[in-house]
Structure formats: C-alpha cells, structure tokens
Amino acid sequence: MTAAPKITALRGGRVTLAAAADAFLTTPRTANPNTHRAYASAIDRVIALLGRDRPLADVTDAEIGAALTELWGASAPATWNRNRAAVTSWLAWCQAKKHWAAPSVPADAERRKESADETRAVAKTTIHRLLSRRDIPLRERALWRMLYETAARAAEILALNVEDLDLEHRRAPVRSKGGAVEWVYWDRGTAHLLPRLLRLPDGSTRTHGPLFLSERRPVPARRPAAADICPYTGRARLGYDRARVLLDKYAGLDLHQLRHSAATHLGEAEIPLQLIMGKTRHKNPRTAMRYVKPGAEAIAKVTEVLAPRRRTH
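In UniProt numbering, the protein residues as written are 1 to 313.
Check each hint, because a few of them may be wrong.
For lysine-lysine, the following DSS-like pairs were computed, each having C-alpha atoms within a straight-line distance of at most 27 Å [as the list claims (entries may be wrong)]:
1. K301 / K124
2. K249 / K124
3. K283 / K113
4. K113 / K177
5. K113 / K249
6. K283 / K124
7. K301 / K279
8. K279 / K177
9. K177 / K283
10. K279 / K124
11. K97 / K177
Label pairs and their computed distance ranges (CB to CB) [claimed, not checked]:
12. P285 / G252: 27 to 35 Å
13. S176 / V305: 36 to 44 Å
14. S132 / H99: 54 to 62 Å
15. R14 / Y250: 45 to 53 Å
16. R311 / R290: 39 to 47 Å
17. R129 / L306: 25 to 33 Å
Just so you know, these hints were derived from the structure itself, not from any lab. For every residue, glycine included, the Cβ atom is placed at its ideal position computed from N, Cα and C.
Working from the sequences, and respecting the hints, build out all of it.
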C-alpha cells in the first residue's frame, strides 16, 4: 500500500502584511545593513499600497503583481528586477519557512531582461564637467564625487554614517556585498565637499547620523529605523531609488556608471589589475577585467597606431 504524501499544514491565517514583513526582515538573510535597507524599502512600499493591517492570507497573486506594476512598472529593468526579487524572497520565505498561507509573485510579473550597455564608462572630462556644474545641489555633487573617487557601490556609500568618516585619512569602512568590512578611499574633490555637506545652518557640524540625507522629514506612516534618521534635522537617510532618479535627471546616467567609469579610467591609465582590484574590492580577476574594459577615448587613441606614418618633410 502506497503511503499518502506528507502534507504540511499552513498556519498564520491572521498574520498581517506588516507582521510578516517585520518577521522576514529580522532573519539572517537580511542581516547585512545594505541588504536590509533595500529589502525593507521594497517590501514596505508594497504593503503600504496593499494595506499594512491586511491578513497575508487574504492577498492574491494578482494584487501582488498589480502593486509591483504600479510602483515600478515604468522603471528601468534593473530597478524592476531588484524590487521584484525582494518581494519574491519575502513571500517565498513566508511560504517555505513559516508555512503561512501567502501569495506569490504572478508569472506575468516576470523578471525583465537587462541589456548589456557597451558605453557604460563615461569619459573623465564628462564626469568632471558634471561635478563642476553650479545648478547641481551640494548633496548630489558630494555623493557623485564620492562614488567616483571611491569606486564603491552606491548602496555602500549611501549606508555611511557621519561617525564612520575618517576625514584626516580620507577613508571610511563599508560593509561589502559578502558582509566583510572594507575600507574605501577618496581624494581632494570629496574631501573639499564633505565639510560643507556636514555643516548645519547655525554653523555647527553634524557628528553622527546618516551622511547623505533626504530632502524632507519622513511621514509617520513610513518612518524608517532610528539609525536612518538624522538626530539634528529629523530627515531620513537618502534612499537608493531617489539617488538614482536624481542622477538620471541631471545627467542621464546610472549610479553604477560612476563606479564602472572609475575602474575603466584606472585601466586606461595602465594601473595594474591587482591595484584596480584593490580599489574596487573585486575578488575575481575575471570580474574585474569586465569593469576595466577600455572606454571609447582609449580605443580611439590606440587606433592612432594603425594610421599611416606622417611625413616629416
């Protein structure tokens, strides 16, 4: 006689969306502060749209898909994929780990293809012109300059607090994708802007709290963690999506292009791969080679070697 298949009972029929989100965001998979911030941002926006106090079991797959589409349907593929993945991980955890009756991301809200951009590296002159524009606010110029000079990931720099900064030695510790704490270094451009960024209207200086702040104070319904609020101004930490939108608005660029361009410019300056890996903190040489692909300017210059020799008389 064949044994009946094992059935796992579903529990938590009255668990709310907010409670389910809070439970997921305390798990080890979101222990990295950058990961936690990215996941919390996406999940919080979805549950705010659906109703924080609604039972998780009452939400349908179609509602999840509609929420994703309303929030990020018109965004770039990378933004859609990043937020979709956060919501997918949360709902899969609810089902597999907690055995709660929970919806899934529907099949029609599928992952979108991210096309490779062979022109991601921006010319050094273009970056310097951008960072010298007088119509760009101080916060953006400081953030973009710091991203370029450190060659760090945007999430790492946005997660920095004022007390993390070693202004004397122009460096700060960041938590990398793998969870390790590593140093990033900046140069004169960033060093010149940071004191101005930290100065308060009364002439005093911020000494702790988030480094890069949003334009306004958060509303009570979406108040972030205390660690993400400036104790001097009450403003929240600047989020990745807002930073991305602003760079696109002013320059039509993606945040990652600043990191990619920095690595490319180091490669064009014939800096050894080992040093470039130290700067970008890549562990795999093959991965680093992808980032140090010569840009258009370097290829154009090399092409001169193929030109006919000039006559000297």
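Do the hints match the structure? See the list:
1. K301 / K124: holds, 14 Å
2. K249 / K124: Roughly 20 Å separates the two Cα atoms, so the pair holds.
3. K283 / K113: holds, 26 Å
4. K113 / K177: holds, 23 Å
5. K113 / K249: Since the Cα atoms of K113 and K249 sit roughly 23 Å apart, the hinted pair holds (cutoff 27 Å).
6. K283 / K124: Between K283 and K124 the Cα gap is close to 25 Å, so the pair holds against 27 Å.
7. K301 / K279: With a Cα-Cα distance of about 25 Å, the restraint between K301 and K279 holds, given a limit of 27 Å.
8. K279 / K177: At roughly 15 Å apart (the allowed maximum being 27 Å), K177 and K279 satisfy the hint.
9. K177 / K283: holds, 11 Å
10. K279 / K124: holds, 17 Å
11. K97 / K177: Measuring from Cα to Cα gives roughly 24 Å; hence the hint holds.
12. P285 / G252: 27 to 35 Å: About 32 Å separates the Cβ atoms of P285 and G252, which means 27 to 35 Å holds.
13. S176 / V305: 36 to 44 Å: holds, 39 Å
14. S132 / H99: 54 to 62 Å: This hint holds: roughly 57 Å between Cβ atoms.
15. R14 / Y250: 45 to 53 Å: Given a distance of about 47 Å, which is inside 45 to 53 Å, the answer is holds.
16. R311 / R290: 39 to 47 Å: Distance hint for R311, R290 holds at roughly 41 Å.
17. R129 / L306: 25 to 33 Å: With Cβ atoms ~30 Å apart, the hint holds.
In the structure shown, no violation is registered for any of the earlier numbered hints.
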